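Engineer: Chains as they are written, first to last, in this note's numbering: chain A, -13 to 350; chain B, 249 to 692.
What the hints contain is simulated information worked out from the structure, not anything from laboratory work. Fair warning: there could be bad hints in the mix.
Straight-line Cα separation of at most 25 Å, DSS-like style, residue types lysine-lysine; simulated pairs [stated by the list, open to error]:
id: 1; chain 1: A; residue 1: K221; chain 2: B; residue 2: K453
id: 2; chain 1: B; residue 1: K453; chain 2: A; residue 2: K220
id: 3; chain 1: A; residue 1: K19; chain 2: A; residue 2: K149
Have a look at the derived ranges for each label pair, beta carbon to beta carbon [stated by the list, open to error]:
id: 4; chain 1: A; residue 1: R225; chain 2: B; residue 2: A490; range: 54 to 62 Å
id: 5; chain 1: A; residue 1: S350; chain 2: B; residue 2: W351; range: 52 to 60 Å
id: 6; chain 1: A; residue 1: A126; chain 2: B; residue 2: L293; range: 55 to 63 Å
id: 7; chain 1: B; residue 1: W482; chain 2: A; residue 2: R225; range: 31 to 39 Å
id: 8; chain 1: B; residue 1: E608; chain 2: A; residue 2: A67; range: 52 to 60 Å
id: 9; chain 1: A; residue 1: Y9; chain 2: B; residue 2: P489; range: 56 to 64 Å
id: 10; chain 1: A; residue 1: W31; chain 2: B; residue 2: T635; range: 55 to 63 Å
id: 11; chain 1: B; residue 1: V356; chain 2: A; residue 2: V25; range: 47 to 55 Å
id: 12; chain 1: A; residue 1: H320; chain 2: B; residue 2: M518; range: 53 to 61 Å
id: 13; chain 1: A; residue 1: I95; chain 2: B; residue 2: V356; range: 53 to 61 Å
id: 14; chain 1: B; residue 1: T493; chain 2: A; residue 2: A4; range: 51 to 59 Å
id: 15; chain 1: A; residue 1: E259; chain 2: B; residue 2: V326; range: 52 to 60 Å
Examples of chain B residues lying across from chain A (beta carbon under 8 Å, computed) [as the list claims (entries may be wrong)]:
id: 16; residue: G267
id: 17; residue: R512
id: 18; residue: L515
id: 19; residue: L520
id: 20; residue: F543
id: 21; residue: L545
id: 22; residue: L548
id: 23; residue: L550
The structure presented is a predicted model; accordingly, all values stated were derived computationally and were not measured. Built from N, CA and C at the ideal position, the CB exists for glycine as well.
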Amino acid sequence: MSHTHDPNDPNTAFLPEAVRRRYDLGWIIEFFKHKQVPVHRHSVWYYTGGIALFLFIVQIVTGVLLMVHYNPGQAHASVQAIMSQVDFGWLIRSTHSWSANLMVLVAFIHMFSCFFMKSYKYPREMTWITGFVLLALCMAFGFSGYLLPWDQLAFFATQIGVKSSEVMPVFGGFMADMMRGGKELGVQTIERFYALHVWVLPLMFFGVLGLHVFFIQIQGLHEPDFFEKQPPEKKRYMRFFPDFAIKDVYVWLLVMNFLGLLAVMFPWELGEEADPLAPAPADIKPEWYFLAMFQLLKLFPAEVGPVTGELLGMSLFGLVGLLWALVPFIDSEHAPAWRSRGAFYFGIALLAGMIVFTIWGYYS
Amino acid sequence: MLEFPVWNVRAAGGGWVIGVIAIFHVFVAQFAIGSGLYLAITETLAVRRNDQPVLAFLRSYSNFIMLLTTVFGALSGVGIWFAIGNVNPTGVSALIHNFMFFWAIEWVVFLVEISIAFFYYYSWGKVSQRFHLQLAWLYYGIAFLSLVVINGILTFMLTPGDWIHTRNIWDAFFNPSYVPSVIVRTAITCSLAGLFSIVVCARIKEEGLRVRMLHYSAKWLMPSFFLLPVFLYWYFTTLPPAVATLVQNGIANIGAGNLSVLTRLLLLIMLLSVTIYVVSLLGPFFNPRSFSFGFGLAILALGLVVTGATESVREMLRKPYVIYDYLYVNGALKTVAADSSRYGILRQNKWIPERSITDENRLVVGEQIFRVQCLSCHTPTGYRSMTDLAQGWDREFIYNRIASLQATNLMPPFMGDDDERRALAEYIGDVVGAPPSSLTAANQ
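Please model the entire structure based on the sequences and the hints provided.
Structural biologist: Here is the structure:
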């Protein structure tokens, strides 16, 4: 950067002199000063990414607090103690669970809003792909965290979830055994899921999240077609700092209140301790964000030709996921109009399918 | 006592009907008072500085205030009367008989308040500036008087104080929590004036004026943010010892797994109030330029939730009384209830057609008894339902439990004789699907 360190840079006037003399921070302020947010009728969707980020921060803070009292060796008893003996434990756990679910929901909304504004297009392909990975990691967080309280529902739902990975050819069985730490779910499974949940996934998440945010910062926010085509004098922008940043803060505060309302009025429940020998409760269902897939799998016949219906279903999910992740390259910069339209209908179909199958799964 | 018919609101229960109407009414009514002070002070300042844009804004703002308070405020006020009169006629009767003269004053005050509000709005630019200012202050004076009067009646219900022994109306009106409550509510009226004004000012088209008015309106929230905790503490020191303990336990147990509704509501009130103040400080106060209408609406909605939660806490503290230490929620006077088992519901209540209990009519009478004794707080299968609260209980347990309701400290004694208690137990047993007892078996 052709830039000299100026301790008297007016941008950093608000900092103490001791800091200004030592560190060259003016360019950061300068950078944020010039960053702009397009103002148009769909600007409201720009908040969804920030909300997901905020909820992730809530997850870290409440997650660390829960780690202080959670014990994977006595999973259920320690969660019970968190709920009834630890000061504010019930609030922290409820907030963690609600926030996790909201985070997945908001991440989905964020993804679809970016999809329909076609934010994934050149030059933001990598932002899209990192975002896709983040969503997958979110769901992995949800899957691994769900088991940790070790109650009946968590046990049986996880059992089904892990089993479904067994259908994959070649390494499916190996993966399932790795997750379970053996052939059956037990304390060793909790320990593995715990390590995954509090170490492996967060490290991966931080890395990918860093890239995702970095890309957005250096490329700026995407301007939808209808906005970009307007004559320059008609385009309205808002300064990212402080105008958009302060609005982000309001939104975060409001989300925090909504979260508080949920945690306080509808505290998260803890079922009875898991008993592997007990019969599985009737209608075991996975978390809502897996429901659509779960319901769709039920529709496949047991055998389709030489392969099982489950394998066929899982392969279909894999294919759709791959298409979805690669959509910036299919609907690329110079793609013909029919591909762009096709991508749009693909998005509509996927969204509608997810909503319908989730609701169907919930009520069936 | 039990001489009134009952209003069956099915699943929601009568409490919710009162609650929903009352929360919106209190929200708007307190704004009506606060906005009076806002108009008076702002107009005074604007006149002094000859600030024409602000005066023009106040003119249109007073239109909104007039419409909201006279139309919605007045309608919902009548709505409260309708709802409480139907849900708890005995309580309303006691309040009317005690405070006849004060209610009369209150209604005259309302009438004058509404008349001045109309006069204030329609006389913009038609009377001298000085006279118009006087009208503004007169409106606030009268509006504040309405708070001064109703506050005596509202606080009486929770802290009747010496009235219990003296039966002196002035003891009832100037009861122990009267003064702190007036001050707390006055602070709230100012906050609400600020909150509503932020929303309205966010829609001003001219940027300079919008920025100025947003910043100014946000100031209206600031004093009460710091003073309200002090005033509330003062208010709590005047509560009856048993109630004070309840609040203290609620607060002390916020941490340790105690999920009583009271505790959770208190926590929510704190969280939401702090957010309202932080957002109004960060937004309209420090960064009015970028503050938008949507965010204004959002904090106004938080204000509504806080109002609802605070009023619910206040109502909840009174349990199991309508008038503390005097009249129970089931319409029984404390003095009469002292000997509750000799009290006959069928004998006393002319709205139950059955005059005696037989094997054939036991369930029907049980339901009638449920209506007169339980329905003001509970429903069979909806809100605070039997299916929720008495799930898994057998009929014998229900029968015994009804006799010891008072031990919960939250419920009044059952006002009925042994046969009536048995009939009620059979009815509730049926509702929750308890196995038949010897009585029902014999009947079937």
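Engineer: Now tell me, hint by hint, if it's right for this structure.
Structural biologist: Results of checking the hints against the structure:
1. A:K221 - B:K453: Holds. A:K221 to B:K453 sits at ~19 Å (cutoff 25 Å).
2. B:K453 - A:K220: Within the cut-off at roughly 19 Å; holds.
3. A:K19 - A:K149: Violated. A:K19 to A:K149 sits at ~52 Å, over the 25 Å cutoff.
4. A:R225 - B:A490: 54 to 62 Å: 56 Å, holds
5. A:S350 - B:W351: 52 to 60 Å: 57 Å, holds
6. A:A126 - B:L293: 55 to 63 Å: Between A:A126 and B:L293, where Cβ atoms are some 59 Å apart, the hint holds.
7. B:W482 - A:R225: 31 to 39 Å: 45 Å Cβ-Cβ, so the 31 to 39 Å window is violated.
8. B:E608 - A:A67: 52 to 60 Å: 54 Å, holds
9. A:Y9 - B:P489: 56 to 64 Å: 59 Å, holds
10. A:W31 - B:T635: 55 to 63 Å: 43 Å, violated
11. B:V356 - A:V25: 47 to 55 Å: Taking Cβ atoms as reference, B:V356 and A:V25 lie about 52 Å apart, which means the hint holds.
12. A:H320 - B:M518: 53 to 61 Å: Holds, at about 57 Å.
13. A:I95 - B:V356: 53 to 61 Å: 54 Å, holds
14. B:T493 - A:A4: 51 to 59 Å: 53 Å, holds
15. A:E259 - B:V326: 52 to 60 Å: Given about 55 Å between the Cβ atoms, the range holds.
16. G267: Violated: closest Cβ of chain A sits about 15 Å from B:G267, beyond 8 Å.
17. R512: Result: holds, 5 Å to nearest chain A Cβ.
18. L515: 6 Å, holds
19. L520: With a closest approach of 6 Å, the B:L520 hint holds.
20. F543: 5 Å, holds
21. L545: Because about 11 Å separates B:L545 from the closest Cβ in chain A, which is outside the 8 Å limit, the hint is violated.
22. L548: 12 Å, violated
23. L550: 6 Å, holds
When each numbered hint is compared with the structure, violations occur for hints 3, 7, 10, 16, 21, 22.
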